[in-house]
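Colleague: So you can see what is in the structure, the chains are spelled out below.
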Amino acid sequence: MHLEITLHVDGERRVLALDTRTTLLDALRDHLGVMSPKKGCDHGQCGACTVLLDGRRVVICLAPAVAHDGSRITTAAGLAASAQTAGESAAEALHPVQQAFVEHDALQCGYCTPGQVCSAVGMLAEFAEGWPSHATTDLTSPPDLTDDEIRERMSGNLCRCGAYVNIVAAIRAAAVEAGEAEDPVVPEPDVAV
Amino acid sequence: MKEFGYERAVDAASAVARVAAHPDAVFLGGGTNLVDHMKLGVTRPDLLVDVTRLPFGEVRVADDGGLRVGAAVRNSDLAVHPAVRERYPALSRALLAGASGQLRNLATTAGNLLQRTRCVYFQDVTTPCNKREPHSGCSALSGYTRYHAILGASEQCVAVHPSDLAVALTALDASVVVHGVEAERTIPITELYRLPGDVPSRDTVLEHGDLITEVYLPPLPFARRSTYRKIRDRASYAFALVSVAAALDLDDTGGPAPVIRDARLALGGVAHRPWRAWRAEESLRGRPAVEAVFRQAADEELADANPLPDNGFKVPMATGAIVAVLRDLAAAP
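Keeping their order, the protein sequence lines are chains A and B. The first sequence begins at 1 in my numbering and counts up one residue at a time. The second sequence begins at 1001 in my numbering and counts up one residue at a time.
With the rest of the complex left out, here is chain B:
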């Protein structure tokens, strides 16, 4: 591993200034992804600025009734927070489906959001990868593509985003508060992540030196009827083949089936970013909460899917997962 300096940040402004002025500096959170990449040679920073002891370690109820989650809150603490379990079960379930107990005790909220793809070619420095080494080529395109994208990929990159948390936050209309070099700004999570296009090396719209300090969850009362389902090759401790985060707002004041007033839906494991299923949501609104409606919404969302040689199964898997999750949510008391 390349030698590096280590500094403990004393406040957000100086941490941002330090990293912004230093091209090969990075922020250190729990380190569970970053340090692994340093060992593998995937990333070679020469300065780590540790932001875990900055005052971003709390979950607070916002003035509007939403939640403000500090960037340094550990994944385990966020998953078990009473307000999250009660009001945003999809968020709890997404976190609990990720990694292992030991890793969740280390990993931070912002670190989870900024973890990088688990594409095996990205992590193997002996193989070409446009994300790791721009213009070197994509090994996945002619390689093993079981774990890769079916939506929104480019000829440059077919990697998927690995975070479960990010999928739940994408469904729940969350945003991130970013302390930048110039000013603080708020970015909806649906606009934080990029599709690969011609610049797959950039996962997000953040600039070098930008520090996520907080995640904001709007009140979204119907998120009490939300959940997260993850399908993977092992029952536990594996990344998603496909995952679904969903929330349903039902009007069951009349008729044989309740009517869908509103819905939130996002997919994981299918694209370079957590995939907000806008099209499916639009299809669901105002219609009865029955299986045929769920299936039609899923089909509309996946109409543009473009599977690779080894991952055609993800299309019916995502369709089935969407239908199953919506059916369970509609049937919940």
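Isolated chain A, as found in the complex:
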């Protein structure tokens, strides 16, 4: 069975007829040539296909495309384009979270990075809304964006190169820049061992 749907992908309206079995991920990659979301596990476990769907971070490998007719999708490539300034080419423009990933060397092979970046952007928006997480002690007051909070909130994105330490640092730096977190206080070295 084929159905016609409309998707708004990175600001562009796309109309396409799809077999109902097509996931949003396959619609983007195989039908629209949008290669930024990656296919990792294809079972909702690795986070490589994370995009912003109507503003929220989701994995799209388990989403039948026909169920999301009319939706607005922002991929990591779209995040970059939205950050483009005058006099800068689209290839040069980076979203602050992407810039932080570059500055903190938050990747090795890079395959999980578009999903990590989209997830981080969505996660910081959730944090700005005051959403608690599993790592939050008090559910009724706004949490602090500690490293434990970042790790818990990003646990849906796997990195097989193991760049986690720098991913946390990059996200913390982006959050500090956005005014969502304070610079961590570096503890004094304990000399009385």
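Just so you know, the hints here were simulated from the structure itself, not pulled from any lab data. Any given hint could be a false lead.
Listed next, the in silico SDA-like pairs over lysine to any residue satisfying Cα-Cα at most 20 Å (straight line) [to be verified]:
id : chain 1 : residue 1 : chain 2 : residue 2
1  : B       : K1002     : B       : G1041
2  : B       : K1002     : A       : D26
3  : B       : K1039     : A       : D30
Please arrange chain B on chain A, whose structure you already have, making use of the hints.
Modeller: What follows is chain B alone, placed relative to chain A:
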């Protein structure tokens, strides 16, 4: 994947009629479990009836002060709802302990309740499984049983229910409103899920075509003193080995230790359904909130535990988790 039709439901009645009349039709919520199973061949529907755009997307305060949660409310929205965080913290904590941020943004309330076991043999179509293929045998019984049941299992099936949300709702006396073919009915969540018995293919008492439209939470004022603790193989993004949802009603008007007026307790990861610990609750009522009392209640609840070769650890783990959760709740301000 088998070809299937897709329809977007316009109202609950027609959605129910459509699925009821079509043996291989299923409702589609967030799809995070269903679509995975379609890819794996665990389920092979030929029609998906999408119910996510029906008007069941809100959390409302009920006339009696309880909460009415629409079936299509996303897990993330329910977890962070101010009334849930304040009045039913066990529910918030259970949701936040489940899956990942991306999945919680997709998964619906009813879909979470009706997700299916993560037993690896159930999900692997090359192995016998009585739940997936009745009368084919149980591969877990002679297989790897670390993640399986210690209570209420049968010779047919030792799978456990995977939902964290369902465990919290089981402790909190919640019920589901079901739009059936004939009429609407309300089912206490403690009666929604089945033990496997001789028919492990059926997780719940729902009939084909029944649509959960709402979850109702009674007021339960002492649920403000409630929590959820999940023990798993990773710190995050893993299913429970054992989980505990609990609420305590304490009378601290006299004596050295407060007295337990009432308690709610449920366990996850231990049985085919979220396990309401009726026996432990009975044991706790009217007694002082001290560790020895908590431990005795836990021991009474787990007296009938029947662990498998790889999951004997779940008995002391569940006992310890119950004691720790009750101790923390009793000590909370």
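Colleague: Now, for every hint given, state plainly whether the structure supports it.
Modeller: Consistency of the hints with the structure:
1. K1002(B) x G1041(B): Holds, because 8 Å separates the two Cα atoms, which is no more than 20 Å.
2. K1002(B) x D26(A): holds (17 Å)
3. K1039(B) x D30(A): holds (17 Å)
Comparing the model with each earlier hint shows no violations; every hint is respected.
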